[in-house]
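All chains should be built: construct the whole structure from the sequences, respecting the hints.
There are 2 protein chains.
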Amino acid sequence: MYIVILAGGSGTRFWPLSRKKSPKQLISVFGGKSMLQRTVERVLPLKPKRVIVITNSLQAEETARQLKNYHRSARVDIIEEPVGRNTAPAIGLAASFIARYDPTGIMVVLPADHYIVREEEFQKAVMKGRESALNGYLVTMGVVPTRPETGYGYIEADTALRGPGPFPVRRFVEKPSLEKALNYLDSGNFYWNSGIFIWSVDVILDKILEHMPDLAAALAGLTFNDDIWELKDFNLQIEAIYRVIKGESIDYGVMEKADNVMVIPAQFGWSDVGSWSALPEVIETDSSGNVIIKTKHEINIDSGGCLVCGDEKLVALIGVNEMIVVNTDDALLVCAKDRAQDVKRVVEELENRGLTAYM
Amino acid sequence: MYIVILAGGSGTRFWPLSRKKSPKQLISVFGGKSMLQRTVERVLPLKPKRVIVITNSLQAEETARQLKNYHRSARVDIIEEPVGRNTAPAIGLAASFIARYDPTGIMVVLPADHYIVREEEFQKAVMKGRESALNGYLVTMGVVPTRPETGYGYIEADTALRGPGPFPVRRFVEKPSLEKALNYLDSGNFYWNSGIFIWSVDVILDKILEHMPDLAAALAGLTFNDDIWELKDFNLQIEAIYRVIKGESIDYGVMEKADNVMVIPAQFGWSDVGSWSALPEVIETDSSGNVIIKTKHEINIDSGGCLVCGDEKLVALIGVNEMIVVNTDDALLVCAKDRAQDVKRVVEELENRGLTAYM
Chain A
1 MYIVILAGGS
11 GTRFWPLSRK
21 KSPKQLISVF
31 GGKSMLQRTV
41 ERVLPLKPKR
51 VIVITNSLQA
61 EETARQLKNY
71 HRSARVDIIE
81 EPVGRNTAPA
91 IGLAASFIAR
101 YDPTGIMVVL
111 PADHYIVREE
121 EFQKAVMKGR
131 ESALNGYLVT
141 MGVVPTRPET
151 GYGYIEADTA
161 LRGPGPFPVR
171 RFVEKPSLEK
181 ALNYLDSGNF
191 YWNSGIFIWS
201 VDVILDKILE
211 HMPDLAAALA
221 GLTFNDDIWE
231 LKDFNLQIEA
241 IYRVIKGESI
251 DYGVMEKADN
261 VMVIPAQFGW
271 SDVGSWSALP
281 EVIETDSSGN
291 VIIKTKHEIN
301 IDSGGCLVCG
311 DEKLVALIGV
321 NEMIVVNTDD
331 ALLVCAKDRA
341 QDVKRVVEEL
351 ENRGLTAYM
Chain B
1 MYIVILAGGS
11 GTRFWPLSRK
21 KSPKQLISVF
31 GGKSMLQRTV
41 ERVLPLKPKR
51 VIVITNSLQA
61 EETARQLKNY
71 HRSARVDIIE
81 EPVGRNTAPA
91 IGLAASFIAR
101 YDPTGIMVVL
111 PADHYIVREE
121 EFQKAVMKGR
131 ESALNGYLVT
141 MGVVPTRPET
151 GYGYIEADTA
161 LRGPGPFPVR
171 RFVEKPSLEK
181 ALNYLDSGNF
191 YWNSGIFIWS
201 VDVILDKILE
211 HMPDLAAALA
221 GLTFNDDIWE
231 LKDFNLQIEA
241 IYRVIKGESI
251 DYGVMEKADN
261 VMVIPAQFGW
271 SDVGSWSALP
281 EVIETDSSGN
291 VIIKTKHEIN
301 IDSGGCLVCG
311 DEKLVALIGV
321 NEMIVVNTDD
331 ALLVCAKDRA
341 QDVKRVVEEL
351 ENRGLTAYM
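Line by line, the protein sequences are chains A and B.
Residues in the first sequence are numbered from 1 upward in steps of one, following the numbering used here.
Residues in the second sequence are numbered from 1 upward in steps of one, following the numbering used here.
Calculated from the structure, these hints are not laboratory results.
Don't take every hint at face value.
Which copy? The list can't say, so a pair holds if one copy fits it or any two copies do.
DSS-like, lysine-lysine: derived pairs with alpha carbons at most 27 angstroms apart [said to hold, decoys possible]:
id : residue 1 : residue 2
1  : Lys-246   : Lys-33
2  : Lys-344   : Lys-246
3  : Lys-294   : Lys-68
4  : Lys-337   : Lys-180
5  : Lys-294   : Lys-175
Have a look at this one:
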């Protein structure tokens, strides 16, 4: 089994803790290890043959630093993309590497910046997905929804054959309206699209050839060194490819069009931790519903539902509700919890004003 | 003219910017000079013969440090009280010093931690008060109220003789209910009690003898060095006095009982800056009604009525209204603006938990 971790995200929604050089996957939102490190540790019990981490040049150094201690447990390779082209090229590239070494190897694709509560459940789900992948299916993990979330895409399954799944996928649906999300939640056969995939490399490369011929052609032109894990003149070849291929998600490019997609219902406690306001999903709140991280001491007078990142200071809250406060070395964010999506507007404003030191 | 500045306050309401060793009068709430320094600079144009600053041992060193550059403009003496005993003993002590040098000297008493917008108006009011003081009156500054404030004491004047005042004082009244405060505001002859007094030292010492005989007796026992500004064995004598005299305000001890009190209506833009929420009275707000101090840069998305002290960081606000956020080296306060009075509860909690480093 080969693990491919997509770690090139440049998310701005955890500003000011996340920055261009240290995006969400490379920071310790919860204290302790970064989300990337947690993602790697989550798959090590699966005893993968290789872990391939795809990142970009801006983040490569920090990515390598964070991963250097895992070489004892598994061979970890880092592939630097010269520029982000969404998930399909990254996945195609990784599949091409793996296929040269192991043409029918099973490849598990994981975003580097998602949170999973119950790791053993996750590992069981992957092993179950592996069975379907061995049978030639493209497998996706569908998270059993717990609320009418309008911020995620959904997967509609054909659950006529009851049981624990996997189920055939009927269709992928875009982020829905609240009304639709409520229907999906009620229906029992809609799942959140987690971006976690399992397939055999020959199957995904076949499907890329079928549905994304341009990408397939670009990948077919790659020439490798004698060491089959190495491209000749890596930078030159990669840059030539990334200059011509267009950015596309694997969901849109392949999954929505393929006829052999199965979904595994997943209940391992998942969150894409898409913004500060999502943290209470993944970090235990105190008895007042506050999440207070990176603090020395806390004093709470009549405050609840807050998220405070305290930069190792004493934090005192008085009569404050549903507020996000994030303190770092050089920046302080105060944001109404229901406005967490607008944190990216701050980063845009920093860009506009040329305040790049804060980005 | 002799200026006596009462600078022994240990206010906790500007925590975490103010601390035990650096209370409100010694910090730079507005950026730049401290409130004590501003108070001294405000009186220098009056060309006082001496400025006497009364503080306590905990704050004496920092007080001396902040005042050392003013000696070029006026002789500044610092008197250390061993323990706070409210305003009457401090005022009696200062009057005793001055009286030995200049038995009918005019003494102006000023709190060190009040804010005054129009300094020339203030200086004119003091000169007007001096006239009445020369005529044997105890003069107090009464701030013309601009709102039905329930946090201040009031002074009722006899304004039968119209004109700009001074007016005879009918009575001092405690902090009123909102209903009473509204009546006071309408009446036109009620003023906020500013704690600013002007009198001749022989008059105030006479009145202390009349209304506070215990304090007068203690003061009468003081023995001076040849240098009439120096007590013999200062610490021993002061500690002996402060051990026996009881704490009392000059308002309660003398002013409310004396029959020769006049009030000068004052309109120089005054605030006692009693809590964080009072800052917008004295610092200009931006176009969104925010006061943002000690910041490098500000980004405001749909936020207003906030007070942010940014510890020289970039501050970003998103959808935040009527909030106080104060960031220091070691502490972060987030407080609803209408709960600013509860900041002192945080300091109590620090005391209870033994977190003295933050006090």
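How the hints compare with the structure:
1. Lys-246 with Lys-33: The answer is neither: 34 angstroms in one copy and 59 angstroms across copies each exceed 27 angstroms.
2. Lys-344 with Lys-246: Within. Shortest intra-copy distance 25 angstroms satisfies the 27 angstroms Cα cut-off; inter-copy 60 angstroms does not.
3. Lys-294 with Lys-68: For Lys-294 and Lys-68, the Cα distance is within 27 angstroms only inside one copy (25 angstroms; across copies 41 angstroms).
4. Lys-337 with Lys-180: within (24 angstroms within a copy, 40 angstroms between copies)
5. Lys-294 with Lys-175: neither (33 angstroms within a copy, 42 angstroms between copies)
Of the numbered hints listed earlier, those contradicted by the structure are 1, 5.
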